[in-house]
Amino acid sequence: METLRAVRLTTEAARRLRASRGTGRVHSAYARTLNVELDDLGNAGWVSLHGPGPIPSPFGIACESRPLTAGLEGASVGVEGDTVVLDGRLRIVLDGAKVRDTALPTLACLPSVSGCLRRAFAAVTAGLLPTAGALLAGDVPPSDPLARTAAPALARLYAATWARNEADCLAAARPLLGLGPGLTPAGDDCLVGWLAGAWTAGAAGRRLVEAMGPDLLAAATHLTSRLSTAFLAAAVNGEAAEPLHGFVLAPTEARLAGLLALGATSGADLLAGYLLARAALASGREEGWPCR
Amino acid sequence: MPVRALVWPSFYQDSIALMRVAEALRALPGVREAAALLGTPANHELLASAGLSTADAKGAGPSDLILAVDAESDAMAAAALEAAKGLFAARREALEAAVRVLPRTLDSALSHLPDANLVAISVPGAYAKFEALRALRRGLHVFLFSDNVPLADEVELKQLAVRRRLLCMGPDCGTAYLNGVGLGFANVVPRGRIGCVAASGTGLQAVASHLAAAGEGISHGIGVGGRDLSAAVGGAMTFLALEALAADKATEVIVLISKPPAGAVVPRLEAALGAVGKPVVACSPGIRPRADGRVRWVATLEDAAEAAVATVRGVRWVRRDFSDPQAIRARLARLRPGAGRRGTGVLGLYTGGTLAHEARLLLEPLVGPVAPDLTILDLGADEFTVGRPHPMLDPEARAQRVREAGGSATVGAILLDLVLGRAAHSDPARPLASAIRDARAAAVADGRSLVVVASVVGTASDPQGLPGQVAALEAAGAEVLPSNAQAARFAALMVRPDLAASLLGEAP
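Chains E and H, in that order, are what the protein sequence lines are.
Okay, so the first sequence: first residue is 1 according to this note's numbering, each after it adds one.
Okay, so the second sequence: first residue is 1 according to this note's numbering, each after it adds one.
One or more hints might be untrue.
As the list claims (entries may be wrong) - Derived Cβ-Cβ restraints for the label pairs, each shown as a range:
no., chain 1, residue 1, chain 2, residue 2, range
1, H, 426, E, 89, 48 to 58 Å
2, E, 167, H, 87, 24 to 34 Å
3, H, 29, E, 39, 45 to 55 Å
Said to hold, decoys possible - Which stretches of chain H does chain E cover? Using the computed rule of at least three CB atoms under 8 Å from a CB of chain E, they are:
no., region
4, 5 to 19
5, 46 to 58
Stated by the list, open to error - Quick partial rundown of chain E residues pointing at chain H, CB under 10 Å, derived from the structure:
no., residue
6, 51
7, 52
8, 112
9, 144
10, 145
11, 176
12, 181
13, 188
14, 266
Don't read these hints as lab results, they were simulated from the structure.
A virtual CB, placed ideally from N, CA and C, is assigned to each residue, including glycine.
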């Protein structure tokens, strides 16, 4: 059996492994990631294994090298103390791994929305960022089918967030669930970012997340994939992937670049939702878009 | 409108894989649109609004993958879906093969291949030092592809390498040729009698390709990293590489391609080059072209290759601004009449950092005063590659910039490079040619004249094939020159016709 050392893991991954009854299965395995579903924990039972570098999920474990994954789908998983064993073929040793706290703060500094968008626009042309960014900047959104579907929902989500109206937020979020390309569809990533933005914008935002979170997850169960629902569930509890967490704490240019490098467009979609929520909740109640 | 779809139940691929498969299908003949989406309710509506919905796909659930294709004929759509199956199967086979043979650690790799004497490392920069140290301590040479390696780590690694007489090529080493094996982004070039020591990637590729075109080959091409001649590193690997090539029997002439060396390093570098005992051609921005004993300093990559060829053949080398001035005059005559209004700006959109730097050095003194909007962008630099592949892998982002430049009244000439070779995009000229057509058409519609000037780094043996790539650019209306330096000079002539007197020896 091959052994791989974990070098870092999130607090949420550590908590889930402790809470598990020691069994699970490999849900999905692809080139960069291996997703494990621990038994009997529902949406809080997902743990993902990655190679070194920033941990791309709120419940992730970074290993010293990328775990080789072929043929492991459906394999049994055992958790024994500080060791995770996959199908008797691969042992992940957690002892000595650093624990990284990726719980979001309830109040974080407001990034420069227009500055972030300006830099992100230069690097990102796909996913929902161009649409959300155009709305925030007061520009005309793109006209491709994804943008045509998403633009009204994003505009409504901004307005509902600005009005602190959780029922309208939920109604606006529903069309975004499961929308767009990606293993975690772009609309879901955008909503994860929106949840993070609301969570970190102070009491009003937290109230929105707490009020609509359960209904949003109930809708996600029917409208998107189980993996996406797990990401949304983590976001409802204020947990973030490491690149998003780092950007929230310190929205520097380097951390913006790290966030945008996440996935195909996932990082950009997270940013779109995050900026949308932060801009709406920072704008007070005056009319119009905040960063024209 | 033939639309076909396939559904894979509970099929999980990461987002980048899905995006690449969709892109690959869109590039197939006759395919108008392709999408790879999970079967969520929202995506069913999205597919319907894009005209990609089919009865087959309607039953797909949120965990199922839908692959939908709109093509010019039913047969083309079916062929595209078959191709998708093949692409997914190839990924699966690659992963399974990796399980069979790919080791997870250096020790495991050495147990599979105990005679290996070189390790290629491309882990993220923060981790590169540890892997490189492991390799060096085991007596292995290192090809360090990783970028963002801290300078202090590079110094430590190279000090250890020098003590152990091992090569530590990099960091950020894009290309090397050792014993006829190309590492990283490498053109298919013959082995030969000219050895190279180069800072990083495209400079070495350009020189190797020029040598191949002239019928010469590379003995070894050793990358040393862009910071090797900085004051902190002190040229550690450059000096070791020069020693290695000096001792190598197959190497008759040495070419040095470097970034500007630190002032403190220059005297040691000049002394080391003089002590090599073989003829040396050195190309380093900021060092005046001159002959200094057996060392000849030149200004451009093309000059370096030509001077090396002349030296190894024992003939006199004469530097030229253009290899065929008569052909240039003919092109100027063709481009002059009825050309319409032309902007005075030059916009360089580069994928190769060394090539961009060379173009900037050539153009600034030529057009600077008249074209204050001279802009040379290295689109492979970190700030342009966040969230997307390097433009040598994915040409679309640059193609879009070319299109946008077609709408600018100030741009008179767009200057481009195109880098071929292993690991580069399989057909980079195609999207670029399409963008060139669009840009030139936009300019014409606005009553302007826009000239697109390009050079191609590559050989006929490269997977993409040099002649076909050049032909594709020329068919789109690009002026393709034999080298980056000639392309830069030609671009200068497009906005400063009066330069013809000095560059071509004729009246404007």
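Each hint, compared with the structure:
At roughly 35 Å, the beta carbons of residue 426 (chain H) and residue 89 (chain E) sit outside the given window of 48 to 58 Å. Between residue 167 (chain E) and residue 87 (chain H) the beta carbons are some 44 Å apart, a value that contradicts the proposed interval 24 to 34 Å. Roughly 49 Å separates the CB atoms of residue 29 (chain H) and residue 39 (chain E), a value that falls within the hinted 45 to 55 Å. Three residues within the 8 Å Cβ limit are the bar, and the region 5 to 19 of chain H against chain E gives 8, so the coverage statement holds.
Taking a C-beta to C-beta cut-off of 8 Å, the region 46 to 58 of chain H contributes 3 residues in contact with chain E, enough for the three needed, and the coverage statement holds. Satisfaction of the interface hint for residue 51 (chain E) is found here, the shortest Cβ-Cβ separation to chain H being roughly 8 Å, below the 10 Å cut-off. Evaluation of the residue 52 (chain E) hint against chain H yields a held restraint, the C-beta minimum of about 5 Å falling below 10 Å. Using the Cβ-Cβ criterion of 10 Å, the hint placing residue 112 (chain E) at the interface with chain H is not satisfied: the shortest such distance is roughly 17 Å.
Look at residue 144 (chain E): its Cβ gets to within about 8 Å of chain H, closer than 10 Å, so that hint holds up. Nearest Cβ of chain H to the Cβ of residue 145 (chain E): about 4 Å, under the 10 Å cut. The hint holds. Given hint, residue 176 (chain E) at the interface with chain H, holds; its Cβ is 7 Å from that chain's nearest Cβ, closer than 10 Å. A least Cβ separation of about 6 Å between residue 181 (chain E) and chain H falls short of the 10 Å threshold, and the interface hint therefore holds.
Of the supplied interface hints, the one on residue 188 (chain E) holds, with its beta-carbon coming within about 9 Å of a beta-carbon of chain H, less than 10 Å. With a least beta-carbon distance of about 6 Å to chain H, the hint placing residue 266 (chain E) at the interface is held under the 10 Å criterion.
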